Amino acid sequence: MSNFKRKLKRRHLINNLFMVLLVFVISISFLVLGTLLLEIFLRGYKTLTWDFITSMPSGRASRAGILPALIGSFGVIALTALISIPIGVGTAIYLTEYADKKSKFVKLLQLNISNLAGVPAIVYGILGLAVFSQLVGLGPSLIVGAFTLSLLILPVIIVSAIEAIKAVPNSIREGSYALGVTRWKTITGVILPMATPGIMTGSILALSRAMGEAAPLIMVGAVGFVTFLPNSLLDRYSALPLIVFNWTSRPQAAFAEIAASGILVMLILLIITNLTAIIIRNKTQIRVD
Amino acid sequence: MTKKKYLFQEKLIEVVLVLFASISILTTIGIVFSLLFETMIFFSEVSIFEFFTSIRWAPVFDPPSFGVLPLITGTLLIAILSSLVSLPLGLGTAIFLSEFASSKVRKVIKPIIELLAGIPSIVYGFFALTFITPLLRSFLPNTDIFNALSASIAVGIMTLPMVASLSEDAMMSVPNSIRQGAYALGSTKLEVAIHVIVPAAFSGIASSFVLAISRAIGETMIVAIAAGQTPSMSLNPLGSIQTMTGFMVNMALGDIQQGSIEFKTVFAVGSVLFVITLIMNLFAKYVIAKNREVY
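As given, the protein sequences belong to chains A and B, one line each in that order.
Using this note's numbering, you'd call the opening residue of the first sequence number 1 and step up by one each time.
Using this note's numbering, you'd call the opening residue of the second sequence number 1001 and step up by one each time.
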């Protein structure tokens, strides 16, 4: 009996030690996250001024700003939203409301979408380079960046839109059909209004991911150092992650500081977009009992 | 008449939606063909044998050498070192969230862990170069400024949430009755986690590992910033290396002319990268599908 108790004590001790180990593991993540944010804040807050936001890049770190990158990022992301959301939501509507779930086309489509989600971002850059930039001949322009990022986030938008549409209870759909409403009017008048918050949340999160992407844009010829603002869809452009990359690649410490300021601007925008997504989700959650 | 009009409209809408859905299939076709096209031209100029056996990668040197092995070695080094960070920490996090934490604690910790995945990779690259590298150099003075270890740590941290959340999903889907059965026999939490839950969720955990490694292989900006630009067969984690993605970004940053051999190398290396990640992703799905326990 005492032997059993001794063993039991040991088992509990090991259990508790393991628990301590796990707490330690979790704290590593917290520590890294905290250090990362603090490090970037401390390095960048001094040079994060209004002039920094409204100036052109410069060869001298003290005079350099991010205006073209900021405008470029807004432009690319706005275009990406215009392209990817209709296509993504359209695909989701097709898959949930129209398609025969057992058809080969649907199975192929689903397999394809889940595989696309795992393709490295830089490979989308290669696609953009080969197809939009070279084959179509649009060069290293704003619209090519938007097309490329659209294809990159399309799987994410499709999947989140499918989830949102599936969350609309079937009874509501059938109620609409029972009143003699056509399929399309049921979708636009009943299902989409209810699914919109979910679709918006997913889309905003996907777009905020696109905003941080540098690799695909580099592949399609976007550069960090641009001293003019884009005027048309066919203009060259910069984007926030690209100017940060440009400054990070320079050896002088002054550029590391303004790179940190650029990152701070990016992170602030990310926080705003993510909070918006969370607020939309919490405010407008469908409650149907 | 109106009914006819409606039916026509309905049909038209369906056709438009099918077209939208086809775009994702066209994307895959586009990726495969654009990679294949330029890669075929590349191999008409460079022997495929040299590409896969030569141990020197110097495509822009004179005379050039096109051995992709150093880039693959560099990529593997990052994949292995980063998985030393992401797999144990991710699995530990998942076990804690699924088996040890109360639902209140989980609600606080989970979003914070997921924040790590939401930070853009360029930010991790900056952090690796300006913080992790100097830290490493204070412990290990013969560390290069650009080194594989620093980049790997950052890549590992970035892919940790992926391991944590996919593994946690797998563990959470193990039915509670099994868990309670083990507790009823007098097991401690640790014993339940190690002997019951982890084996039952094994396929999900394994696939999360494969997906995280695949993500590390495709990760670009961290390695482009912090790992260096030296294609090398060396497995020294403290030295400068180059990965496949790092090479591609590097070439794209210079002004490469369409049709030049540099342009084609990007596609050839991209093909290797695409095939490796595709195989890993399909394998992860296969593991899940084959070993799914049905309760």
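Since the hints were derived computationally from the structure, they do not count as laboratory data.
Some clues are possibly wrong.
Heads up, simulated BS3-like pairs for lysine-lysine below, C-alpha to C-alpha not over 27 Å straight-line [what the hints assert, rightly or not]:
#1 A:Lys107 - B:Lys1005
#2 B:Lys1107 - A:Lys283
#3 B:Lys1110 - A:Lys166
#4 B:Lys1107 - A:Lys166
#5 A:Lys185 - B:Lys1290
#6 A:Lys107 - B:Lys1285
#7 B:Lys1004 - A:Lys5
#8 B:Lys1005 - A:Lys185
Quick caveat: nothing in here was measured; it's all calculated off a predicted structure.
Outcome of the hint check:
Among the hinted pairs, Lys107 (chain A) with Lys1005 (chain B) is inconsistent with the structure: their alpha-carbon atoms are about 31 Å apart, more than 27 Å. At roughly 19 Å between alpha-carbon atoms, Lys1107 (chain B) and Lys283 (chain A) fall within 27 Å of each other, so this suggested pair holds. About 25 Å separates the Cα atoms of Lys1110 (chain B) and Lys166 (chain A), which keeps this hinted pair within 27 Å; it holds. At most 27 Å may separate the alpha-carbon atoms for a hinted pair to count; Lys1107 (chain B) and Lys166 (chain A) meet this at roughly 25 Å.
Of the supplied pair hints, the one linking Lys185 (chain A) and Lys1290 (chain B) is violated, its CA atoms being roughly 41 Å apart against a limit of 27 Å. Annotation: proposed proximity of Lys107 (chain A) to Lys1285 (chain B) holds, straight-line Cα distance about 15 Å (limit 27 Å). At roughly 82 Å between alpha-carbon atoms, Lys1004 (chain B) and Lys5 (chain A) are farther apart than 27 Å, so this suggested pair is violated. The hinted pair formed by Lys1005 (chain B) and Lys185 (chain A) meets the criterion: a straight-line CA distance of about 14 Å does not exceed 27 Å.
In summary, the numbered hints that this structure violates are 1, 5, 7.
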